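Got chain A; can you put chain B on it based on the hints?
Residues per chain are reported as follows:
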Amino acid sequence: MNNDIEHLLATAADDTDRPLKTDVDDLLVRARRSVRRTRIAAASTAVLTTATIIGGVAVWSGGVPNTAQPAGGPTNTVAIDPDTGKPIAPPPPVSPVSDREVIGRCMAKETEFNRAMHRDPASVAGGPLTFKWTVAVKSSDAHVLEAILVAPGSGVADVCYINSTPGSPSWSGQRPRLTQPPASGTVYRAGYIQGVRVPSEVTKVLVDVPGEPQVRQARMGADGFYTLGVTPSRGPGSPPAPKTKPRIRGYAADGRKVLDRVLPFIVHGMPPVPQR
Amino acid sequence: MKASDEAEFTEFAAAMVRRLRRTAYLMCGDWHRAEDAAQDALVKVYRRWHRINRTQGLNSYAHQCLVTSVFDQYRKPWRRERLADTDDLDRALPDPAGIVDDRMFVVEALAALPPSQRACVVLRHYSDLSLEQTAAVLGIGTGGVKSQTSRALARLRELLDQTERSAL
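Chains as they are written, first to last, in the numbering used here: chain A, 1 to 276; chain B, 1 to 168.
It is worth saying that the hints were derived from the structure and are not from the lab.
Each hint can be trusted.
Away from chain A, derived, C-beta distances all over 12 Å, residues of chain B:
hint, residue
1, S60
2, Q64
3, I140
4, T142
Computed from the model, here is a short list of chain A residues facing chain B with C-beta under 8 Å:
hint, residue
5, I5
6, L9
7, A10
8, T11
9, A12
10, A13
11, D14
12, D15
13, K21
14, T22
15, L27
16, R30
17, A31
18, S34
19, V35
A quick note: this is a predicted structure, and the numbers were derived from the prediction, not measured.
Think of the CB as a built atom: it goes at the ideal place given N, C-alpha and C, for glycine as much as any other residue.
Chain B on its own, in the form it takes in the complex:
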């Protein structure tokens, strides 16, 4: 890759890495895995840097790589193992403001959704991707994105309502 392209990529990676990590976290519920997925996605972007339409397709392609990386993690057996460390520790610690608990409720509610619904709701309502971009990222039609997002939102509200009621 030319030095100018590398400089452009470095700038892009620096700007995107946090955003991608947060998106991945909402989809997988684990900050370490989210960071790995964000790195994997950026490496994939680097590999196709000259072939990507950088004016329109860069953001979508980065998200597509991210979703693929997160889904790939589920397929790796060692990734399916959940250690009872950080997440459970966060919950066990007293949180006077209740912010951490609220965050965890949302992440747990997201985790209860099927992966494709979770991806739809995160891409549409957190990453601000359009209907068409989300469809392209997930490789499904816009109708599929609409229906999956709708079902995901309904289920998410239901889960969060239940959580709030049980927390009272």
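With the rest of the complex left out, here is chain A:
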């Protein structure tokens, strides 16, 4: 019934007077190129995707250096401390000063002091500061740098405090000897809120200061040291510092409470509470 149409279509498609310009070999080359391009595009996409993910993660975790900051990063949600019912303030910001610069600054101040006091650097516990020392924890603001440096072998620490506030610069460098802290921690610096060295299994430290509406979360460093930030310098005319005995708690990575004690000394001066 449709033979007429089929005939007409066959006649219309007659290409006897239309030489074929397609060369099958050329077509094969084109097809191979197309496959190659697809593979390259797929590989490039995979590489780009991976790079984007890595870049995204790097940006997301930017500002969290890989030294002396093992745990307890800031979060956007307000966590509540189940023990006290108070909100937990975020840990202090990471010091932007590099570990090498921290050591360099502390070395310079110590050398200056040794020279002025005619002190033999070798006579100091742990010997002179060198770049072989490691920065266990550090914090800083525009004028103050606080850091705990640990000697090779971990037997001695250097508590380095540099205040470069114009008009009242100061420096101090203490050399406490380190022993393995017991479960309750070791007080290596009395009178300071961050003067306790906690057992190495502690990955989170919470400090509850009586009278404060929130609980402070410390930024953890290495070797059981932590920081709550820089204690601002107390110049003349500053209001009297609150005198309190803070409660310090340490938790292991699995959430187990390892340490819970009230500091046996009065703390003079407190770092500001970081804002969320």
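What follows is chain B alone, placed relative to chain A:
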């Protein structure tokens, strides 16, 4: 692709390229575009060569790629431009036997059909694809192929009758 597969593909392409070009010509009415569409279709076939069922699905898949290529050409703006060259020239030249004119009437009548109807009638009545194969190529049901083909044939006859009457 393995050398043996390439040899098979080369054989297939050599056998199919003319047929695909003619089918594409009926659908688009332009030999150059038809040749491009046939090449595009064969490249697509090459890319899926190991995944195609070569005993049954090869012909259908090649036609499916061809129809897609022709339809894609309509979407490209530079393809929509029609130059008044070859087709019009063919018509302007005297043709004592009247064969070229007859061919052009058919191609023009096909061009007056909606693309899906044109594809149905070409695949069913020129490429000899079965109802099921045509449905698979166009991605519609067999009922759709039947109705579109029926409408296309009726419209085609009507157009060709008119053309014949006006040519007399």
